[in-house]
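Peer 1: Now for the letters of each chain:
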Amino acid sequence: MADRNLDQELPTYLGQNALDVAAQAGAEVAHFRIARHDSRGVSLRDGNVENVASDSTCALSVRVVLDGAWGFAGSADLTPQAALDATNRALAMARLSAQVSSDRVELVDEPSHGEVSWRMPVEVDAMAIPDSQVIELLTEWNARIAGADVVSHVDAHAAMGRDSTYFSDLNGNRISQSRDRISAQLNAIHVGESGFDDIRTCAPPAGRGWEYLTGTGWDWEAELNELPELLAEKSKAPSVEPGEWDLVIDPTNLWLTIHESIGHATELDRALGYEANYAGTSFATIDKLGNFKYGSELMNIIGDRTAQHGLSTVGYDDEGVAAQEWDLVTNGILTGYQVDRSTAARIGLSRSNGCAFADSALHTPIQRMPNVSLRANRANVTTQDLISDVEKGIYIVGDKSWSIDMQRYNFQFTGQKFFEIREGKIVGQLRDVVYQSKTPDFWGSLTGLGGASTYLLGGALNCGKGQPGQVAPVSHGCPSALFRNINILNGRMEASA
Amino acid sequence: MSDLTIAQSVEVALDLLGSNGGVVVGESNFSANLRWANSSLTTNGSTQDNTLSIAAFVPVDDGVGCGIASGQVRSVADIEKLVSTGRASAIAGGASEDANDLVSGPVHSDFSEAPQAPDFSGIEHIAKSLGVVMQDTSAQYFGYAEHSVDTMYVGTSSGTRMRFAQATSRFELCAKSPERDRSAWSGQGGTSLNEVDVFAHAKSVSQGLVHQLTKIELEPGHHKVTLSSSAVADLMIYLMWTASAREAAQGRSVFSAANGETRIGEKLSNRLISISSDPAMSGLETVDHVVNLGSSSMSSTFDTGLPIARTSILDKGILKALASSRFSATEAKLPFTPLADNIEVIDAQGHGSLDELAERMIDGLLITCLWYIREVDPQSLLLTGLTRDGVYVVREGKIIGAASNFRFNDSPVGLLNRIVDAGEAIDCLPREWADWFTRSRVAPLTIEDFNLSTKSEAI
Chain A
57 MADRNLDQEL PTYLGQNALD VAAQAGAEVA HFRIARHDSR GVSLRDGNVE
107 NVASDSTCAL SVRVVLDGAW GFAGSADLTP QAALDATNRA LAMARLSAQV
157 SSDRVELVDE PSHGEVSWRM PVEVDAMAIP DSQVIELLTE WNARIAGADV
207 VSHVDAHAAM GRDSTYFSDL NGNRISQSRD RISAQLNAIH VGESGFDDIR
257 TCAPPAGRGW EYLTGTGWDW EAELNELPEL LAEKSKAPSV EPGEWDLVID
307 PTNLWLTIHE SIGHATELDR ALGYEANYAG TSFATIDKLG NFKYGSELMN
357 IIGDRTAQHG LSTVGYDDEG VAAQEWDLVT NGILTGYQVD RSTAARIGLS
407 RSNGCAFADS ALHTPIQRMP NVSLRANRAN VTTQDLISDV EKGIYIVGDK
457 SWSIDMQRYN FQFTGQKFFE IREGKIVGQL RDVVYQSKTP DFWGSLTGLG
507 GASTYLLGGA LNCGKGQPGQ VAPVSHGCPS ALFRNINILN GRMEASA
Chain B
43 MSDLTIAQSV EVALDLLGSN GGVVVGESNF SANLRWANSS LTTNGSTQDN
93 TLSIAAFVPV DDGVGCGIAS GQVRSVADIE KLVSTGRASA IAGGASEDAN
143 DLVSGPVHSD FSEAPQAPDF SGIEHIAKSL GVVMQDTSAQ YFGYAEHSVD
193 TMYVGTSSGT RMRFAQATSR FELCAKSPER DRSAWSGQGG TSLNEVDVFA
243 HAKSVSQGLV HQLTKIELEP GHHKVTLSSS AVADLMIYLM WTASAREAAQ
293 GRSVFSAANG ETRIGEKLSN RLISISSDPA MSGLETVDHV VNLGSSSMSS
343 TFDTGLPIAR TSILDKGILK ALASSRFSAT EAKLPFTPLA DNIEVIDAQG
393 HGSLDELAER MIDGLLITCL WYIREVDPQS LLLTGLTRDG VYVVREGKII
443 GAASNFRFND SPVGLLNRIV DAGEAIDCLP REWADWFTRS RVAPLTIEDF
493 NLSTKSEAI
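Here the protein sequences come in this chain order: A and B. Position 25 of the first sequence, counted from 1, bears residue number 81 in our numbering, the numbering being contiguous throughout. Position 237 of the second sequence, counted from 1, bears residue number 279 in our numbering, the numbering being contiguous throughout.
Among these hints, one or two may not hold up.
Computed, partial: chain B to chain A, Cβ under 7 Å [stated by the list, open to error]:
#, residue
1, Gln-90
2, Gly-336
3, Gly-427
No lab work stands behind these hints, which were simulated from the structure alone. Since the structure is predicted, the reported quantities are computational estimates derived from the model, not experimental observations. The beta-carbon is built from N, C-alpha and C at its ideal position, and this holds for glycine as well.
Produce the entire structure from the sequences given, and follow the hints as far as they go.
Peer 2: Set out below in structure tokens:
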């Protein structure tokens with residue numbers, strides 16, 4: 057188990073020589089990083105412990121701009137010689153790259169923050185909780201569900217992690233940071249004569265400590281108690297009729313639609329083509345900034361690296377830029393991008409909004425997603441108010457399958473629970489619901505927004521991007537929301553058509 | 043890193059695990075990569091990594107517990123900490139239901155040798171070739187090249203000592219028209235970037251852009267399509283990942299039959315198509331003994347050291363095997379079936395290249411790649427995803443232009459019975475799963491009624 061002062065163990069003294077050598081070689085920019093990642097996980101299958109595992113990795117890296125080109129190298133060896141070797145390899149990569157690079161790398165300025173430290177606040181250090189206590193909690197959850205007749209199998213797991221990082225550069229920064237995350241899920245499966253169904257808890261991963269799994273920030277008790285009955289109802293529910301339906305989308309589902317259709321679409325590196333071979337580009341090209349109608353006037357989207365309990369929340373990004381909050385979509389109009397220091401320079405911005413991130417010291421920082429969130433209605437609109445405004449619709453709760461095209465237009469999502477709405481009231485569950493739309497059409501159909509009481513910070517631990525592939529945790533806050541006339545497919549019919 | 047070699051670290055860890063036993067895996071990785079966009083190199087990297095992972099076995103009430111701990115070790119004290127952490131996890135977890143005796147696996151004579159040294163000359167070869175290709179102003183080029191060398195040292199308390207070394211390379215080239223209204227892709231997996239003919243890939247994507255000069259409007263619906271080897275690989279890798287014996291026997295999978303039975307023995311395709319993995323696949327060899335740290339429906343730590351044989355999940359159209367550990371095989375009442383880390387999809391009636399297959403299709407769509415593949419319905423294994431970088435319209439055996447991209451909703455199991463023609467299997471790079479899976483030898487397939495459910499405007 058890790059202690060809370062891991063950053064004190066990081067060999068930060070290795071940085072100065074690396075920076076000196078890079079500067080002497082003529083590097084215009086030199087960044088030195090050390091990153092330590094501690095993680096733990098426990099999984100249960102039908103009440104039996106399947107895995108108890110922990111991992112701790114630490115590495116250093118040097119990133120330079122030399123002759124107008126990037127060079128990056130890293131090593132898991134934490135010695136003065138390894139730091140020197142990494143510096144020389146980074147310089148060599150930059151020299152090689154400079155021969156074939158037509159665009160010079162420029163970074164926008166960022167004031168020096170000097171020697172600072174930042175820690176994500178948590179109440180109870182999850183990394184210090186014994187495995188036995190985690191297993192005890194999951195076993196209790198499993199027992200509560202497994203006894204129900206409808207439940208054939210139960211899968212449960214919990215995971216927690218901590219990133220401890222150090223960043224220094226030629227600009228006088230010496231930044232130490234530490235942030236935590238925690239998640240848990242329980243999936244109940246019903247196997248019947250006509251097939252199988254499952255239903256999963258909807259608690260999102262969070263930038264919190266152990267307190268999260270014991271009731272702070274999520275009502276596990278209530279969710280677990282209702283799971284068997286919801287599964288029983290789902291297993292007998294009628295299959296959805298394809299066609300146009302109004303949707304009231306719960307934040308436990310909508311966060312993922314925001315992630316895919318807005319979060320990735322407003323990444324400036326995608327808009328500039330840097331991800332064209334892999335993750336893709338974006339329909340939200342820079343000529344649309346300030347004039348493109350992304351959605352209805354109810355739509356106000358912010359990017360931030362400051363949200364309390366946010367998975368992308370930090371004090372400073374991996375280029376030494378202080379955390380900020382900014383607008384991405386204002387009253388339905390595209391008004392901003394997520395940028396790092398080099399992409400900011402490409403479109404003439406004077407400052408980065410702090411979206412540089414690497415998931416390991418062995419990966420080069422690239423522009424990654426901040427917390428991207430939909431602002432709640434200022435009025436006190438409840439989810440029930442939204443449902444009451446629907447004649448024929450579906451209230452969708454929880455995320456499941458997701459897919460979107462390489463320019464973030466055509467998407468298709470499913471969910472955990474689908475409640476049919478008739479004349480303003482929920483009349484029961486549906487199954488096999490798949491919703492499909494095109495991003496500007498979907499957000500243009502937003503006609504109702506829940507108030508602060510419906511707002512929830514959802515998120516994911518596994519956002520993938522970049523080559524070599526990197527994984528980032530990220531949160532998305534949103535209220536419940538009402539969308540009109542959305543195309544619904546039937547998953548079973550799609551398979552058999 | 044430390045005064046100890048990786049092999050010595052494995053031995054130290056095994057000594058510390060003592061008579062209770064366990065499994066230790068040491069890994070060395072050297073990697074270098076280049077990335078480019080808008081016809082200019084962007085990011086790059088050169089990295090070195092070493093990790094040690096241990097599975098500690100501890101006697102507990104009613105059996106043996108297993109705890110996993112991994113990390114980088116820089117001293118004997120670090121190894122002691124790892125073993126101590128693993129032991130604590132094993133005790134906390136209680137008896138492992140998949141506990142089993144470790145076998146006395148192979149003892150490789152090169153176990154104590156140093157990690158295989160990398161040869162990164164291919165990176166320079168790619169950079170120099172790109173320097174020429176990117177002078178072409180009729181298109182903009184994007185892509186990625188990576189070469190890595192992994193050496194794995196596996197030791198068990200039952201005497202197994204295995205060393206596996208393998209190089210893996212990957213090259214991808216995407217070309218877009220300056221107006222960004224056309225896009226084509228070509229990729230190659232393998233073991234050396236020096237084998238990559240960048241100019242041949244450039245020629246291929248340039249040809250794709252020429253075909254796309256003629257745009258043809260097509261409505262979504264069920265179409266006859268020819269899927270490239272890369273596209274077929276992406277679908278069939280997903281099929282292989284979900285071919286779990288235990289989940290099938292529990293009624294939780296597309297491979298489940300009624301009354302706790304599986305669909306093994308069922309004819310899933312009218313074609314003589316086989317889906318296999320084989321550690322000895324020529325040119326795509328991979329680790330030939332089980333190395334597991336962790337348990338799942340398809341794997342168990344306790345199986346480490348057991349040999350992996352060639353396995354055909356689908357054999358000439360008939361479902362023949364489902365993946366399992368020794369424990370999950372017992373639960374499913376099926377033979378123990380470990381899979382290797384490669385895939386082969388061969389149709390015994392298949393012949394000819396992708397171009398010849400498209401020509402034989404007469405009328406239909408030739409699809410270059412699939413992307414963003416996700417499971418929609420596990421019961422049918424309905425997958426969704428997008429076509430990407432080239433949907434070519436074939437009429438009377440000739441490509442006459444390109445359609446838009448589409449979202450597909452179809453099942454790799456369901457489509458097995460709609461295969462109407464196949465080409466010869468070739469080594470290919472699965473576009474979607476290349477981060478995890480590069481060793482693929484797969485035939486292109488022509489499929490009737492492929493469900494292209496909605497149109498995508500994405501280029």
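Peer 1: Take the hints in turn and mark each one as holding or not.
Peer 2: Hint-by-hint comparison with the structure:
1. The restraint placing Gln-90 (chain B) at the interface with chain A holds, with a minimum CB-CB distance near 5 Å, inside the 7 Å limit.
2. Satisfaction of the interface hint for Gly-336 (chain B) is found here, the shortest Cβ-Cβ separation to chain A being roughly 5 Å, below the 7 Å cut-off.
3. Annotation: Gly-427 (chain B) was flagged as interfacial toward chain A, and the flag holds, the nearest CB pair being 6 Å apart, inside 7 Å.
In the structure shown, no violation is registered for any of the earlier numbered hints.
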